[in-house]
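**Student:** Can you build the whole structure from these sequences, using the hints too?
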Amino acid sequence: MDHFKRLSVGSDGDRPEMAYTDSGNRSAGRTDYCLLFLHGLLDHRGTWSLLLPHFDERFRCIAPDLIGSGRSSKPALADTPERQRYSLTMQAAYLREFVRRLGVEEIILVGHSLGGGLALTLACSEWPDGPRVRGLVLIAAAAYPQPMPGYLDELVGRPGRLLLIPAVQRLLFRTGVVQRLVR
Numbered sequence: 000m001d002h003f004k005r006l007s008v009g010s011d012g013d014r015p016e017m018a019y020t021d022s023g024n025r026s027a028g029r030t031d032y033c034l035l036f037l038h039g040l041l042d043h044r045g046t047w048s049l050l051l052p053h054f055d056e057r058f059r060c061i062a063p064d065l066i067g068s069g070r071s072s073k074p075a076l077a078d079t080p081e082r083q084r085y086s087l088t089m090q091a092a093y094l095r096e097f098v099r100r101l102g103v104e105e106i107i108l109v110g111h112s113l114g115g116g117l118a119l120t121l122a123c124s125e126w127p128d129g130p131r132v133r134g135l136v137l138i139a140a141a142a143y144p145q146p147m148p149g150y151l152d153e154l155v156g157r158p159g160r161l162l163l164i165p166a167v168q169r170l171l172f173r174t175g176v177v178q179r180l181v182r
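Per numbering that gives the first Met the number 0: the sequence shown = residues 0 to 182.
What the hints contain is simulated information worked out from the structure, not anything from laboratory work. Glycine included, each C-beta is placed from N, C-alpha and C at the ideal position. Keep in mind that a hint or two might mislead.
Unchecked claim - Cβ-Cβ distance ranges computed for the label pairs, FRET-style:
#: 1; residue 1: E104; residue 2: P165; range: 36 to 44 Å
#: 2; residue 1: R131; residue 2: D78; range: 31 to 39 Å
#: 3; residue 1: L170; residue 2: R14; range: 43 to 51 Å
#: 4; residue 1: R131; residue 2: G45; range: 41 to 49 Å
**Tutor:** Encoded structure:
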């Protein structure tokens, strides 16, 4: 039997519901971290079912069905421009609201395929009243190219553009700079 919960998310009129499983240890003395497992395109939270029991003893594990997937709502989004329906931006907004409503304070994002792109989007964006992102696990992540916002380009400038050069990236990995920054 499939045990899951539902939670209303979003601020639009029909407030879609996100189906999810919530398992694991929340007792004192373990960890306050929550692992949020994000599935890929055309998938659902069940993709994590064999993995979750391995983390339940140490972590609170939450695996939602993204809006439009599994047992979550599948709104028509008729008022939303076609290219924005079920986009990373839209899914990220729903996930922020979902996590906020669950009251999670510290989170480790785990994403596969599209879920990896979402995890990356969430980790790299501001959560005004959201949890502290403590870690990021990407499995065959699908990262979709987005234009760099103008303000970021100005802020980063020429030194930041050096990080886009493959030879510089390899050097940073070989010398251990990336490993020290990611800890």
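**Student:** Each hint should be assessed against the structure and marked as holding or not.
**Tutor:** Hints, one by one, checked against the model:
{"no.": "1", "hint": "E104 - P165: 36 to 44 Å", "result": "38 Å, holds"}
{"no.": "2", "hint": "R131 - D78: 31 to 39 Å", "result": "34 Å, holds"}
{"no.": "3", "hint": "L170 - R14: 43 to 51 Å", "result": "49 Å, holds"}
{"no.": "4", "hint": "R131 - G45: 41 to 49 Å", "result": "28 Å, violated"}
Checked against the numbered hints given earlier, the structure breaks only hint 4 and satisfies all the rest.
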